[in-house]
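S.K.: Work out the full structure, taking the sequences as your base and the hints as a guide.
Chains as they are written, first to last, in our numbering: chain A, 17 to 687; chain L, 17 to 687.
These are computed hints drawn from the structure, not numbers from a lab. Hints should not be assumed to be uniformly reliable.
Identical chains share a label here; the pair holds if one copy fits it or two copies do between them.
List time: in silico DSS-like cross-link candidates among lysine-lysine, alpha-carbon distance up to 25 angstroms [what the hints assert, rightly or not]:
hint, residue 1, residue 2
1, Lys134, Lys368
2, Lys133, Lys368
3, Lys133, Lys367
4, Lys360, Lys133
5, Lys134, Lys360
6, Lys367, Lys134
7, Lys360, Lys177
8, Lys360, Lys178
9, Lys177, Lys133
10, Lys175, Lys134
11, Lys94, Lys442
12, Lys134, Lys178
13, Lys360, Lys175
All of these numbers come straight from a predicted model, not from anything done at the bench.
There are 2 protein chains.
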Amino acid sequence: MDHANKDLPERIDPEIAHRVWIENIQPAVDAGRFPIKRCVGEDVRVTADIFADGHDLLAAVLRYRPVSAAAWQETHMKPQVNDIWEGHFCVERLDPYEYTIEAWVDHFASWQDEVLKKHQAGQDIQSELLEGAALIEAAAERALEPDRSWLTKIALLLKSKKAQAERVERGLSADLTALMNRYPDRSQSSRYHQALQINVERIRARYGAWYEMFPRSTGSSPSQSGTFRDAAKQLSYVAGMGFDVVYLPPIHPIGHTYRKGPNNTLVAGPDDPGSPWAIGGPEGGHKAIHPELGTMDDFDFFVETASHLGLEVALDIAFQCSPDHPYVKEHPEWFRHRPDGSIKYAENPPKKYQDIYPLNFENPAWESLWSELKDVIVFWASRGVRIFRVDNPHTKPLNFWGWTIDEVRRSFPDTVFLSEAFTRPKIMHALAKVGFSQSYTYFTWRNTKREIIEYVTTLTRSGVREFFRPNFFANTPDILPEFLQFGGRPAFLSRLVLAATLGASYGIYSGYELCENEATPGTEEYHQSEKYQIRHRDWNRPESLREYITLVNRVRRENPALHSNDGLDFYPVDNEQLLFFGKMTSSLDNIILVVINLDPHHVHDGWVELPLEKLRIGASEVYQVHDLIGEGRYLWQGRRNYVRLDPAESPAQIYRLRRRVRTERDFEYFM
Amino acid sequence: MDHANKDLPERIDPEIAHRVWIENIQPAVDAGRFPIKRCVGEDVRVTADIFADGHDLLAAVLRYRPVSAAAWQETHMKPQVNDIWEGHFCVERLDPYEYTIEAWVDHFASWQDEVLKKHQAGQDIQSELLEGAALIEAAAERALEPDRSWLTKIALLLKSKKAQAERVERGLSADLTALMNRYPDRSQSSRYHQALQINVERIRARYGAWYEMFPRSTGSSPSQSGTFRDAAKQLSYVAGMGFDVVYLPPIHPIGHTYRKGPNNTLVAGPDDPGSPWAIGGPEGGHKAIHPELGTMDDFDFFVETASHLGLEVALDIAFQCSPDHPYVKEHPEWFRHRPDGSIKYAENPPKKYQDIYPLNFENPAWESLWSELKDVIVFWASRGVRIFRVDNPHTKPLNFWGWTIDEVRRSFPDTVFLSEAFTRPKIMHALAKVGFSQSYTYFTWRNTKREIIEYVTTLTRSGVREFFRPNFFANTPDILPEFLQFGGRPAFLSRLVLAATLGASYGIYSGYELCENEATPGTEEYHQSEKYQIRHRDWNRPESLREYITLVNRVRRENPALHSNDGLDFYPVDNEQLLFFGKMTSSLDNIILVVINLDPHHVHDGWVELPLEKLRIGASEVYQVHDLIGEGRYLWQGRRNYVRLDPAESPAQIYRLRRRVRTERDFEYFM
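M.R.: Okay, structure coming up:
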């Protein structure tokens with residue numbers, strides 16, 4: 017019989033003879049098609065299914081590096097149940113990272129396992145000891161001195177005539193294991209077929225309190241536009257409330273053609289300021305400053321003032337043009353001209369934007385358009401702005417954003433992009449996948465306990481968390497939610513606490529602190545919306561929430577649990593109007609519990625239920641919860657505890673759990 | 017201001033300017049890393065998330081082809097909720113297929129949508145009509161005659177001075193829509209970044225009743241091996257019971273060195289036949305036939321006889337060698353030699369297989385080993401065998417199987433591979449992913465209602481169903497489950513019905529029909545296992561389940577719902593010992609309902625609950641269920657109905673639901 021390979025087909029790729037399989041690496045977005053997101057200093061916990069045929073033991077390493085680095089770093093993975101392995105590393109640099117896995121059959125560990133079992137069963141393992149010696153000799157070949165000599169010596173011992181017990185003990189010894197692990201045979205190792213990407217950003221991409229304001233409303237007279245110099249004076253008020261980011265609607269020249277009047281009327285009077293989103297006039301377009309706001313110097317002064325106060329400026333990026341924008345004349349090819357020569361204005365039925373021309377991304381000169389728009393962002397980044405809130409990104413091609421964000425980050429890796437996309441969920445997710453740091457959400461319309469739990473759980477507990485970071489805005493110039501329209505001051509308080517504690521990033525639009533709640537009837541539009549007119553407010557009104565907001569923002573700053581959404585969990589409470597949840601750091605050294613009365617009109621009470629095991633609190637242990645809002649301190653015991661919230665006082669309590677309660681054992685004479 | 021592209025970076029790939037996104041194509045195994053499985057004639061229902069920026073309407077086609085065909089076929093996909101699109105096609109050929117998606121912005125449909133809304137709102141849309149005419153003229157450019165002339169004519173009408181209503185009506189007309197859809201502008205279409213693969217097999221990969229038998233036990237004398245001629249006589253008995261596949265343990269020469277005696281004892285007597293899995297002797301190895309079974313001609317006769325009876329022969333592939341196998345001398349490089357020169361026998365602690373040498377797949381000559389083992393399967397396939405039950409595939413490299421199965425199917429595309437892997441779930445799944453048609457399962461050890469529902473639901477309702485097809489064996493020569501050991505005849509009946517109705521593929525090992533239930537105490541091994549000795553049975557014993565099995569297999573054949581696991585669902589019944597489930601064809605023209613008493617010792621009754629909406633039965637409608645086992649017919653009404661099962665009679669009822677019950681309306685004088 018001849019078993020020679022008479023007609024062996026083309027040579028088989030030697031890689032496929034490697035025995036270990038690596039599957040299902042997590043986290044991964046769309047199986048690695050898009051990067052996961054992390055911030056500098058965060059941990060990346062990676063799991064994968066790793067296995068091979070037969071019964072051999074395996075070894076696996078998680079490999080990772082900043083993509084700009086040539087060398088991979090490695091950390092050993094550990095097997096968990098069901099062939100799942102786990103490892104982790106920290107992203108330390110503001111640089112994209114990548115990670116992958118390599119695994120191999122650990123013949124020496126398998127040998128140790130076999131020898132231990134057989135020796136304990138009293139078998140003669142002379143032959144096995146010789147096999148072990150051969151493995152050690154092979155490792156010695158790969159080793160450097162003095163390890164090589166050590167290994168050779170041990171191999172000799174295993175081959176010697178000494179007692180089996182002594183040789184086994186040496187073969188299983190920890191120092192030999194460590195030595196062998198230094199020189200594994202990875203010639204037959206398997207590598208995962210791809211490296212997965214990580215988009216690493218600075219902390220502000222994950223955590224921050226935003227305040228939106230119109231600089232033109234900061235002047236001393238309601239009939240005249242405020243300037244950046246006026247707005248700069250307002251900044252200490254904003255910083256004083258503890259905000260991190262001050263976000264401005266577009267600051268560019270506003271068109272005159274079809275300018276909108278107050279309340280979005282079609283005809284503007286001669287003194288009506290128009291909508292800041294109708295960008296562009298004879299004075300310039302997206303790289304210019306509206307003359308009524310001042311000069312570029314004034315803008316720089318504003319940015320500097322903010323910076324001194326610990327505030328960062330975020331600009332609005334709205335890629336659309338008033339009919340007077342220079343692009344309309346200079347680049348007619350960027351607009352869609354109809355057969356009758358006109359350019360169609362923007363519509364989002366039933367809304368009409370007669371004062372705005374959309375850009376036509378399907379034009380043959382799309383490359384020059386992409387490049388120019390990218391330059392707009394680079395222009396402002398060069399002036400020190402590193403946060404951009406992008407208006408209606410879902411009406412521009414998704415790949416345009418992917419390309420633009422990558423290009424901007426190539427020069428300014430610390431740039432944060434917030435997506436203002438109130439559109440279908442898959443499109444919002446896709447915007448996050450292409451690179452937006454964070455996104456507006458449907459939080460605005462989630463009011464009941466069930467709605468909030470369902471929605472926020474999806475955001476923070478599903479695969480979505482790996483690429484989509486929510487920014488919970490409690491209101492915007494476009495949206496005065498119904499609940500705020502009729503819920504009065506308690507509604508403003510509870511939505512503030514909800515936004516600020518559920519979301520590591522959250523925001524309000526100015527006027528919120530004054531509980532402004534007058535809408536155009538039947539809509540969520542503000543009456544006398546600041547989008548179309550200058551508003552003049554008395555910030556010192558006694559009913560202002562200023563102090564409450566200051567307190568909430570201080571609580572946020574002082575409690576690292578609130579700097580992330582990772583540790584969020586909802587817990588039971590036996591009242592449908594009470595919402596109870598917790599956030600904690602992974603070390604459990606900061607545990608925040610929040611209870612909120614969702615009904616702005618009535619007092620509610622109930623029994624909250626704490627996850628004692630998770631909090632590592634004994635069933636009968638006494639612990640203290642300290643309400644950081646009302647400053648009350650309560651001693652709680654066991655799983656279920658009583659709460660009562662009067663919306664007229666404060667509809668929310670934010671407890672810091674202080675584990676240690678003093679007992680007689682702390683008393684100096686005890687014992 | 018100069019917007020020229022001063023420093024435009026390297027040219028952007030024009031593909032990325034295309035606006036439509038395609039994501040999350042389902043089905044897909046590991047995001048397309050492995051093929052999904054289908055059988056010839058099955059439908060492939062494909063969904064994907066398809067969307068673009070803005071508000072335009074989209075069009076999408078599902079593209080598919082046998083990989084051997086050059087041309088793609090296309091079928092239009094339809095939008096469902098939440099940007100999910102759906103399409104389907106049928107795999108008609110025994111050939112691997114692939115599928116992918118292409119989608120584009122449908123400017124004409126978007127235009128129709130806009131025009132309809134504006135016209136209905138009473139707006140003047142002169143300009144819009146000109147836009148439509150331009151779209152139609154562009155399509156005319158792409159069109160062939162006479163369509164081109166038609167389109168040109170319609171464009172002229174839209175541009176004419178006729179009444180707006182008339183022009184709108186023409187622009188929205190169905191015939192124009194059809195014409196336009198014939199010439200879509202796909203120049204900016206997006207294609208999914210990969211083509212997903214389908215492994216297409218014949219129906220036997222999905223559906224079949226298996227019967228396992230040892231040919232050597234079919235002789236006339238218990239002390240002498242039966243031959244293939246004897247075994248051929250037994251085939252009418254097997255075919256008579258309605259089985260589709262007769263599966264034989266290895267038929268090759270059995271080694272003498274360390275041959276096992278009865279009950280796996282270490283020393284065999286001179287007349288002990290040894291285990292068929294200790295393959296190879298001086299007479300040959302995996303391509304030879306054990307002389308005691310006869311000649312190659314006898315084997316061919318056996319295969320032919322089976323074929324005449326409608327039975328297909330499945331062979332066992334056990335890639336391991338007795339110490340006497342020719343490979344051991346001819347290819348010492350394929351075995352792992354220890355430093356002392358010996359070859360280690362196979363072990364699976366605590367089991368020891370002194371009569372078996374494993375092959376060493378890590379040897380440097382692995383390519384010649386792979387090639388030879390593949391040749392073994394090709395050898396038997398060339399003799400007409402197209403079903404292989406692979407012994408312990410999980411102790412050979414996963415990629416070896418992938419390569420081997422692909423190679424064999426290249427010549428014999430109708431080859432079915434059954435994986436005998438009772439190992440960890442991920443490895444069993446990986447074997448299915450590399451190409452095994454079907455697999456042994458943990459069904460053997462799932463006895464309680466909850467266990468069965470949980471396990472079978474995972475197999476048939478999760479992503480696992482796309483690549484893993486279960487074959488429910490009720491017993492094997494290796495496993496006499498505990499439940500059969502103590503449950504008596506009712507246990508054999510209920511496990512048979514469970515296997516045969518839950519699994520489109522199922523099997524029993526001979527002796528099951530005689531309720532053989534004597535185990536080596538404390539194990540699941542058969543006492544006097546046929547693995548080590550010849551068994552002689554009286555197939556005509558009156559207590560034989562032969563007729564019951566014949567009935568169950570007939571029910572299987574006559575009811576297409578039982579030919580697949582796709583339509584399986586479990587329904588409620590208010591007794592923990594009763595299991596109730598249904599299987600139905602997608603057209604609902606065959607609906608099977610099964611109720612089984614899992615307790616072999618006691619009568620149980622309860623109320624089953626039917627999913628009336630799914631079955632399209634009205635809440636008060638009367639329908640008939642016809643017990644295909646006991647032949648009882650029952651009129652049921654409404655959701656909840658009563659059942660009672662006495663295990664002493666039959667622990668199971670298999671109902672065919674017959675929707676139509678005659679009423680007075682069917683009587684000739686009615687009305």
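S.K.: Confirm or reject each hint.
M.R.: Outcome of the hint check:
no., hint, in the structure
1, Lys134 to Lys368, "between (82 angstroms within a copy, 13 angstroms between copies)"
2, Lys133 to Lys368, "between (79 angstroms within a copy, 14 angstroms between copies)"
3, Lys133 to Lys367, "between (76 angstroms within a copy, 13 angstroms between copies)"
4, Lys360 to Lys133, "between (81 angstroms within a copy, 16 angstroms between copies)"
5, Lys134 to Lys360, "between (83 angstroms within a copy, 14 angstroms between copies)"
6, Lys367 to Lys134, "between (80 angstroms within a copy, 13 angstroms between copies)"
7, Lys360 to Lys177, "between (95 angstroms within a copy, 22 angstroms between copies)"
8, Lys360 to Lys178, "between (94 angstroms within a copy, 23 angstroms between copies)"
9, Lys177 to Lys133, "within (21 angstroms within a copy, 95 angstroms between copies)"
10, Lys175 to Lys134, "within (17 angstroms within a copy, 92 angstroms between copies)"
11, Lys94 to Lys442, "between (35 angstroms within a copy, 17 angstroms between copies)"
12, Lys134 to Lys178, "within (18 angstroms within a copy, 97 angstroms between copies)"
13, Lys360 to Lys175, "between (88 angstroms within a copy, 18 angstroms between copies)"
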